[in-house]
Structure formats: structure tokens, C-alpha cells
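Since the structure of chain D is provided, determine the placement of chains W and V on it from the hints.
Protein chains in written order, with the working numbering: chain D, 1 to 444; chain W, 1 to 369; chain V, 1 to 526.
These are calculated hints, taken from the structure and not from any lab test. All of these numbers come straight from a predicted model, not from anything done at the bench. For every residue, glycine included, the Cβ atom is placed at its ideal position computed from N, Cα and C. You may find that some hints are simply not true.
[Claimed, not checked] Negatives, chain D to chain V, calculated, CB over 12 Å:
1. Ser-110
2. Ser-122
3. Asn-307
4. Lys-341
5. Ile-355
6. Ile-359
7. Glu-387
8. Ala-425
[Claimed, not checked] With beta-carbon atoms standing in for the labels, derived distance ranges:
9. Thr-112/W - Leu-364/V: 48 to 54 Å
10. Ala-197/W - Lys-435/D: 30 to 36 Å
11. Gln-233/D - Asn-80/V: 47 to 53 Å
12. Phe-243/W - Ser-397/V: 38 to 44 Å
13. Thr-126/V - Phe-326/W: 53 to 59 Å
14. Gly-80/D - Leu-340/W: 45 to 51 Å
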Amino acid sequence: MATDDVSLTRRGFGGLGMAALAAATLGGVTKFGISSAHAAESGPIKIGILHSLSGTMAISETTLKDVMLMLIEEQNKKGGVLGRKLVPVVVDPASNWPLFAEKARGLLTSDKCAAVFGCWTSVSRKSVLPVFEELNGLLFYPVQYEGQECSRNVVYTGAAPNQQAIPAVDYLMKEDKVQRWVLAGTDYVYPRTTNQILEAYLKSKGVAASDIMINYTPFGHSDWQNIVAQIKQFGSAGKKTAVVSTINGDANVPFYKELGNQGIKATDIPVVAFSVGEEELAGMDTKPLVGHLAAWNYFMSVDTPANKAFIKKWHEFIKNPKRTTNDPMEAHYIGFNMWVKAVQKAGTTDTNAVIDALIGVSVPNLSGGYSTLMGNHHITKPVLIGEIQDDGQFNVVSRTPGLVVAQEWSPYVAETKDLIGDWRAPLSCGNFNVKTGKCGGASK
Amino acid sequence: MMRVSFATLAPPALVLGCAVLLVLGNVVPAASSPFHVPIFAVSLTGKYLAYAILALALDLVWGYVGILSLGHAAFFALGSYAMGMYLMREIGRRGVYGNATLPDFMVFLNWTKLPWYWYGFDHFAFATLMALVVPGLLALVFGFLAFRSRVSGVYLSIITQALTFALLLAFFRNNMGFGGNNGLTDFKDIAGFPLQADSTRNGLLLATALALALAFLLARFVVLSRLGKILIAVRDAESRTRFLGYRPESYKLFVFVLSAVIAGIGGALYVPQVGIINPSEFSPANSIEAVIWVAVGGRGTLTGAIIGAVLVNLGKTYFTSALPDFWLYALGGLFILTTLFLPRGLVRLFEAKPVAALSEVPATKARAA
Amino acid sequence: MRLVLFLIGLVLLPAFARAGDPSNAYSAFASGDYDAMAAAVTELAAAADPHAGAVIAALQAGRLYATEDGALLIRGDDGNYTDLLSGKPVAADEDTVKKIRMNNAVRRAVEAAEGGLQLFAADPATRRAAAETLFKSHDTAALSALTRARAKERDPSVAEAMAEAEAAAIVMSPDAPEAAKLHAVAVIRARGDLEASALLASIPSPTPAVAAAAHNGIVAIQRVLQLWDVAESVFYGLSLGSVLLLAAIGLAITFGVMGVINMAHGEMVMIGAYVTFVVQEIIRAHAPGLFGASVVIAVPLAFIVAGAIGIAIERGLIRFLYGRPLETLLATWGLSLVLQQAVRSIFGPTNRDVGTPSWMSGALPLGGLTITLNRLTIILFALAVFAALMALLRYTSLGLKMRAVTQNRAMAAAMGIRTPWIDALTFGLGSGVAGMAGVALSQIDNVSPNLGQGYIIDSFMVVVFGGVGNLWGTALGALLLGIVNKFLEPFAGAVLGKIAVLVLVILFIQRRPRGLFPLKGRAAEA
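Here chain D stands alone, though its shape is the one from the complex (with noise of 0.2 Å):
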């Protein structure tokens, strides 16, 4: 039986038909690249949005994509920017982190996208990075994260730990008098980082070491009988406990449910998480989780003027009255508005000049405030508590007097605690150390 050859054994087709195939792939690879006629300075301006529309982070990151639609329509309204209309390119990366860094390429050298919106886990954003700092490109990050980091090309308009984490904990160990706790989270840096700060924070506020638990659950973990006793158990040694939750996203809902089951209640062992928001909540009985908190910059509950309008706005673009909003999408709104504000002052989408421009402005938040974009290209929040209530919505129970700014690199870590990220000159330096006086590593 010859099968080894029966690939070929028409000649004249294999001949023809790898090289009709050798032509298509050429043909299709660079058609990708064909760069566009238009002139970087007149023509619209194309917006770049790249959130997963499928795969495991769809759930969360689907709605940044729609609030980006929905901001970039209202803006055109207006008359767009410099005269010149918004336009969006929504790819799919798919949950994919290779296929993340295809396509910030592609928006950024086909597509030429003057501003891209984009990511949600640290790893997409770890490896769209080299390509914008490549290509020079701008990138707006909406979401909560471990900080460690600060790139000229990247605006950071979620919140570092110390604008989440730190005053969530403040808040239980003065309301609640909390002495032992636990701090579970889902295996990745971001929650792994945060708690290395919270354990440094606590034992820094003289918990002592056996007060405080660690435990680390993979992606998705849907089994949490364990675990919840194990909590119950610490929780019953006669002091009273908390649970600081960065559990990610998806594994929120059965632990709560076993929460919940287990008869553990937000007034014996409150939970405190930092990943769960109006949107994981819609998919939820809140019913047996009410008093449990959360700690964000913003929640849809906020009473003011600002939010009132944003909501209904939202509602009447996405024609759902019962859709949610949440904090990143306040964090693109945000994001959106200042690279406005910042191409308006520079007179031009150029990037150089528009990184330059953004740093120091300062636009309404949602929350009955002001926001503004420091020299370490972060934005500076307030932190609020929020308690779940039966209808999914939070009550805000505690406030910070006033904005927080940005800690971005962790004074808790031995190598970054001297370091500072100020991108304006003289310094224009992501990672300076003071005491040394150097500019460290690799971010240009």
C-alpha cells in the first residue's frame, strides 16, 4: 500500500497546487500589511479596542468594548476631535495572550490607531507591552493591578494596590476590629503581589504571623468546601476574622455560594474582595451575600449627577435598562476623556506629543470629583467600601477624605521600594531610584 507518496502523486496538481497556496498565504500575510493611504494628520482618527470578545475573560472585558463604542459615538456628536470624526477598530483577541500581542500589531502598524483601549489580565497587558514600546504606541489600561510596572506608552487608569487594598484593610481593622485574617486569592501576580503588601502592611500594624492565612486557588476552582471550612476554622480560634479576597472573576460565584451555604455570614466573617463588581454580582444570588464588601474607586450606587447621566446615557446606547456599569468602565470613560482633553492641548494625535500633553490633566470622575493624570502616568482616585446588597448594587460605607495618588512601585518589595515613575523631564523615567539616582532597567 503506498501510501507515503499519495500526497503527490499528481504531480501537476501538488506542483500547482503549493504554489497557488504559497502565493495565497503571501497574498493574505500581506495584505494584513498593506499600510493605509491615510495621512497620519487629517482624515479620522481611528480609536483601537482590544478586549477578549470570547474565551474566559469575555465575561468581563465584552462590556469595556461596548462602553468604548458608546463613548467614541459621543464624542462624534460633539464633532469628534480637532474636527476630524472618531472611528473604532474592535478586534478579537480571543482570551489569547500571543494573539493579544498580533493584534496590538496590527492596530498599531495597519490600522495606525492613534489610542488603543485595551486588556484586562496582566498577562495581556505583559505582552502587548514590548509592542508598544516598539511601535511607540499608547495604550489605556482600565483595570485594578498589582502596580510593579510604569511605561511611557501605557496610561494606567485602574487602581495600584495601595488605591484598593490598603484602604480596604484600614477599613476593617478600624470598623470591625479585625486581629486575624485570611487573604485568599487566585494563583497569579496580581494577587500574589497584593498580598505580599497586605502582609507586610498587616504585620507592619503588629499582626502577628499566625494571624494571618494565605491560600492560593487556581483559575477557576469551583470546589471550595474545603477551603470555606478551613476559613471557618481560622475564623474560630475567638478573634474576629476577615477574608481579603483577590479571587479572580469566575471562581467568585461558587465560593460565595459556599459561603453562603456553610452559614457563614458577613457579620461573623466578612469577605472584602477587590475583583468582584456590579457585574459579577448580576450573575449571582446576592441574597445570601449581603454586608460582604468590596473596595473599588467607583460603584453604580455613587449619588451624583455625573453617574445619573453616564447610566442613562449607558442604557439608552446598549437598550438594556438592567445592564450594569462598573469601575473599569468608569476608568475608560475616564481614560477617554483625558486623551481628548490632551490631543485638544497638544493640537495633534501624534504620540509623543499627546504623552506629553496628558500628563496634568485633570477631568471629572464619576464619583462627584476630579481625576488627574500624574507624572507617573496614573490617575489619582478615591477609595470607596461598598457593602452587597440584595440588589446587587453596593452601599457605600466608607469614603477616603480625599484622592489617593498612586503608588506604583510597592514600597513592601525590597527592589522597588526606592524606586519612583515620573515621566516628565528631567527625570523622564519610569523606574528611578532614589537613592542611587540612576534610572534602572528597561522602560524607556
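Same frame as chain D, but now just chains W and V:
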């Protein structure tokens, strides 16, 4: 002796030819000329060719020996990690924390020294060797145990899936020292050549094309030799082959290890062109996609594997930009239609049906309804 | 505005803390200061203020409102407001009144207060619950009320709960005599659960005798609890195993009878979960009273819907791929992508809220075990499904035909069995069972388009481990894998535990290449 025929030489020649054309298209015409090939296309093609190497490796074990490995991307990913570790060490002081020996992720995990399994990865040769040896070793151990116990068919497929899933979970752990969920990234240069430079990218494409061509020739050599005939015998009638005095386990093991090594090479070439290696490369879905590439192209033909890999990935790139909300329909539909209407793959499209069906179920035990 | 109220509250707080005047306590509710509110609740309850009960009930139900000048209103079912103190109806409009919310501190105060008030309720279950709450809050102020209530109590179980609560209050109060405290420690130790242990560990400034007694109590309780821990691991293992069983058993059927690797199996589970969601949405909109039965209604519906889709898949796709089981793998993988995207397009990519009916919520304490009701129901459900399937296979003619086709397809066809039809029905049955599994899984996991992906690998492991074509193998395999995983987890952590189970399966297959209960016979060689 390998027959130096058109079928043997044409595909590698074409692959190399296309690669050279693309590189010339990038280097020679000016940037504004319509013939200019953007560097982005060069890297993308390099990525496709690296995938094609994986597909080739899979076709070797599946098409010719009948082992449906649903975990082959594990070997690819291990090769990627080996090269990735070298690239991480090459960053040296230029990392975010400026530490000469420790990669960034170890610094923020507060580790003070390099774990033993990272020693030696500051040498390019060692890393390349590891990219071959580690997947090969894993395949050797796994295959030895599996084939000796005569695990076959669907059981074998499922335990290969278990293998890759276990590796996925293991590499996701931050304590393992491989970067956890963030993986290894932020690479600067390879063997002294900066990764961002166009010349390096062109070079990498050529290297990948060369590797693919060589792998193809190697696979053809194996398949056309006497060994190849025994492999096909093992695939189609294992018991009979055993009774004739051959030891199918040894042959299967040999090809399995060879295939793993080839996949490792593909992985090693993949990572400098993509810029990041992350545990999700181990996910079972990646391995299944590799199987789809081979199925679409035509399994048991080697050429088909290459064609399938390039075409399907091209389709994915296109559809995720053109139809971001619906591309999964297109991709899923492609798989369904291929299995229904192109069961033996694109390459065999105009072929007459061979006498004995090239089914995965050996002819003597066909379960036709 | 809030800041102003807060300052006012701050100023007023010392005033009415000293005065203890109820009318000032009421003004704390409108102040927005949670600490003041909590103090006010405690004060009102202690003073046995007549309106205290009404305030607390309204707070808990979210019906307490404040007008701009600080008057408190209760909102009735009809949307009308009545003034709290006078009881007269007040015309108020939604925009001018502000809902009074609680935080955890207030909630705790309310719970404790409620406990104290309910000690004298008519219903013994309410009295018992009140005593339980007071035990947990160990509020020393409730001591006198507890002593009085216990003296009046006739029901022995309620009396016991009250005795424990009394003991808790005594042990925490600084001026109780030592003998009373020692007696209290003994009572608490006799209770013997985790809360008792916690309480004994937190006695403030104990005398040496009391400290020693408490320490012994803790040690004794912990020893007993450790034994219960083993039982707990077994329970968790059983529940994980039953989840695996439900997810895998549909696959075992299609695999066993048809040799089809169905990669869209996870999506059948997902469809079952979404059917539950739709059923609940319809019930919520049209017949809210039926919510408790929603899961029961969803089960047969999910079976029918998933089963119908399964038959459609078989007729439309798989049938053309006979004799090519591995190609079926690829086609069904493509199908799973299409199904996921379809569900994503129809229902959106976010998680959907599937609620748990009240009879499945909460837990049953059994000695030191907490048996969560939803998991218990799932275990029983899985066993029922398994039993039904075994009965189907053994006692019905369809089952007979299915078994014949599994053992020797050619012969079965020769005997006149219409194998294509059996295949379609088998696939439908497997998919239908997967749909029912989805109903169960919707109670413990997210309902999202990605639901199926989380279970497909585990389902395959279970089927292969147990032996293809054998339902007993699947059942035993699922339970074994679940228990092993749960016993490993406390030592190795969740991730390593899972990896260890995978490695064990791989090694096990090397030893027994056909699984736990392989199908025997020449025709099974595949």
C-alpha cells in the same frame, strides 16, 4: 535510501522559497512601495511556520503510526519554555528591577537566588539542547510506560490530554519558578541580536523556514525508509505486526520521541517571534487545534500538515479582525465542514479513494454501521 | 451633606449616650452614622422600647426611611409611608425620603437585639433561634433576659439552647463569680462545636482555674472535631464525585455504545444550565410562587432540550462520520465552538444568575459536620440518575438493544436491530443526561458559555479511568477520583491535588490500560 523525488523536495523548497521572498520583500523595496512586505507580516509568517513544525510532528505520530496525541502542544510549549528561559536570562540588568541574575518575576516573589533548574540557561547552546532534550525525555518516559502497557486508541489520547493538562496546572503555579500565569516575557535579545530589530526578525523567519524544511526532510526520510513501512504496518494492523516478530512498542516509542523533539524545535523558534511564553500554551485546546490543522491539511501526508497549519492560522488571524463578534462560528464551521466534506484533507482533495480506507480504526476492526 | 450629618451625629452621640433617652436614639438612624445607629439599636432593645421591634424589623426588611428633617418612616407593602413614632400615615414622595441602610456593625447590633426580643416569642423555633443568636453574640447585657426566659421555658431543647447562651454571657462577663464561670465552661464544652471552641478561646482575663478548664475544653473539642474532619473529607469527596459522575455519565453512554468522542459534551451540560436559567426567569416573571419548584421543573425540560439537540447533532453530523470516531472528535470540537458562540450571542457572555430554591439552601449540622443541602441534593440526584440509567439499560428493550450494539454492532445489526436509530437515541440519551447534569451544576458553579469547558477534561478522565462502556466503572471511578482529590487537598493544596490526581490516572492506565472495569471480549478490542 530516500528517494529524491519531487514529492520529497518540492515542499521544503517551496517553504524556503516563500520565506526568502518575504524577507527580500521586506528588505529590498522602500517602505512606501506596494511591494514592501511589512515586518509584521514577516513575524506572523514565522509564527505560522513554527506552528507548521508542530503540525508536522503531530502528523508523524498520528498519520503514520496512528497515535492520536491530544497533548502534543505540551512538547511544543516545553521547547518554548526552554528557549524562553534563555531569553529571560539574556535580559540581565535591563529588566525592570535591574537585577543581573534573577528574572523580574523572581525578584517580586522575593526569591534571592536562581533555582537549580535555571542554571546553564544563560548559554544559547545549552538552551537549544534543552529545547530538544526535555520534550524528548518526557516523551520517552511517558511513551515507554504507555506503549509497554499497550495503552492504545482513545485511552492513549485521553491520557496525553491528562499529561498536558497536568503540565498546564503545574506551570500556572507561581511557586514553580517559571513565571506562573504571567509566563516569561519582556525579552530583549537572542544570541546578541536584538529581538526588535528587523534583521533579527527576518533571520528568525529564515531559521524557522529552514528548520521546517529540515524537519520535513527528516520526516520523509523516516517515512520512506524500511522503518516507515513498519510504522504503517503498526498503524494499520498492530497485532499482526507483532505476531510477525516486530516489537511495535519500540517503533512507536522511537517515533513518539522523534516527534516530541521536532515539536520542541518548533516551540523554541516560536517564542522569540511571539515575545511571550505563558502556561496557556499547554492548554488541551491548543493540542486539539494542532490536530485540526493536520486534519484540515490531510493527515498522513506531511505536506498536508504544513498546509493545514498555515491555512487555519491565517483564517484565524483574518476572522478575529474581520468578524470579531462571530469568528468562532467561522472557525467552528470550518472544522465541521472539513470533517464532513474533506475527510482526508485538502491535499488529497482530488485523489482517487485508496483501496484500503485510511481510517483511524484499523481495517480489520472497522465499526461501520 | 453626609459629612454635615456625620458631624451632627458626632456631636449628638455623647449627648444621648449619657442621657439614654430613646427619642434621641431614634434620631441616630437618620444621621447616617453607622456606629451611632448600632449603639441606638442596642440601647432601644435594652430599654425595651415599644417601638424597638418595629424599627428593627423595618431596618432588616429595608423599609425604614428618613425624611429630610429626620422623621422616621416605615414603608408598607402598598408603598405608603407611616410615621414610626406616631403610627399615622404620612404622604411622602420617593424623591424626598432617603432609605436607611445598614452596615455590618449595625447588622450585628440588630441581630443581637432581635435575639433578645425574640426570647419570649410564642413559637419555640423562634425562641431557639434567638437563643442561638445570643450564644453567637455572647452579649452580656442579655444575661438577665436569658435567665428569666430560661426559668419560664418548658421545651427541653430550647431550654438547652438558652442554657448555652446564658453560659456564653456568663463566661464573657467580667464580674461573674468563678464558680459560675467554671460551670459555664463545662456547659459550653458539652456543646462541643466550632463556635464553642472559639468562645472558650476568647474568654477575657480568666482566672487560672477558668483558663485551665477552658484550655481542656478546647483540646477535647478539637480532638472530636478532627475525627469529624475525616468524615467531612469523605462527604466533600462524595459530593465532588457525584458532580463528576453527573457530568461524565452521559459521556460514558455515548462513548461506550458508539465509540464517539463527543467534545461537545460540555456544551450539553451548559445548555442544561441555561435551561434552568430560562425556567427561573419565566417563573420569576409570571409565577414567583413556584420558585421553589424551579429546579424540579427544569430537570425534565433540560433532559428534553439537551436530548433533542443531541439527536439533532447525531442525525445531522455524527451519522456521516460512522466508523471514524476520531474524526467525530474534530467535528464535535468545531460544534462546541459554534454552540458556545451561539449561547454567547443569545444570552451574552456574562454569568447569569441562577438562584437556589430555599429547600436547597443552607446546611444541616450533623455532629461536627456541616452538610450543605445543595451538595446533599446533588449527591442524591446523581445516585438517582445513575440508578435510573442502570434500570433503563437492564430492564427496558431500548437498554437491551443499546447493550447489544455496544458488545457487537455487526451482530446486533444482523439480528434486526436498527443500529442507526439506536445510535441516535443513545446520543440523545447521553446528551439529555448531560443536560440534567447542567441543572445540578448550575447550583454550584457559574452559568456562562464557558461552563462546559471546565468539565470536559474531568469527564473524559472519569470515563477512561472507569472503563469505557461500563456505567459501574464510571460511577466508581467518579467517586474514587473525587475522594482522592478531596483527601489530598488539605495537604497539598488545590492545584497540586488536582495534578496528583491526573498523574495517578496516567499511571493507573499504564497498569490497567482499559480502565477499572474493562469491557471484555474480542469485539471490545478497539
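So, going through the hints one by one against the coordinates:
{"no.": "1", "hint": "Ser-110", "verdict": "holds (25 Å)"}
{"no.": "2", "hint": "Ser-122", "verdict": "holds (19 Å)"}
{"no.": "3", "hint": "Asn-307", "verdict": "holds (16 Å)"}
{"no.": "4", "hint": "Lys-341", "verdict": "holds (30 Å)"}
{"no.": "5", "hint": "Ile-355", "verdict": "holds (33 Å)"}
{"no.": "6", "hint": "Ile-359", "verdict": "holds (31 Å)"}
{"no.": "7", "hint": "Glu-387", "verdict": "violated (6 Å)"}
{"no.": "8", "hint": "Ala-425", "verdict": "holds (40 Å)"}
{"no.": "9", "hint": "Thr-112/W - Leu-364/V: 48 to 54 Å", "verdict": "holds (50 Å)"}
{"no.": "10", "hint": "Ala-197/W - Lys-435/D: 30 to 36 Å", "verdict": "holds (34 Å)"}
{"no.": "11", "hint": "Gln-233/D - Asn-80/V: 47 to 53 Å", "verdict": "holds (48 Å)"}
{"no.": "12", "hint": "Phe-243/W - Ser-397/V: 38 to 44 Å", "verdict": "holds (41 Å)"}
{"no.": "13", "hint": "Thr-126/V - Phe-326/W: 53 to 59 Å", "verdict": "holds (57 Å)"}
{"no.": "14", "hint": "Gly-80/D - Leu-340/W: 45 to 51 Å", "verdict": "holds (48 Å)"}
In this structure, only the earlier hint numbered 7 is contradicted, and the remaining ones agree with it.
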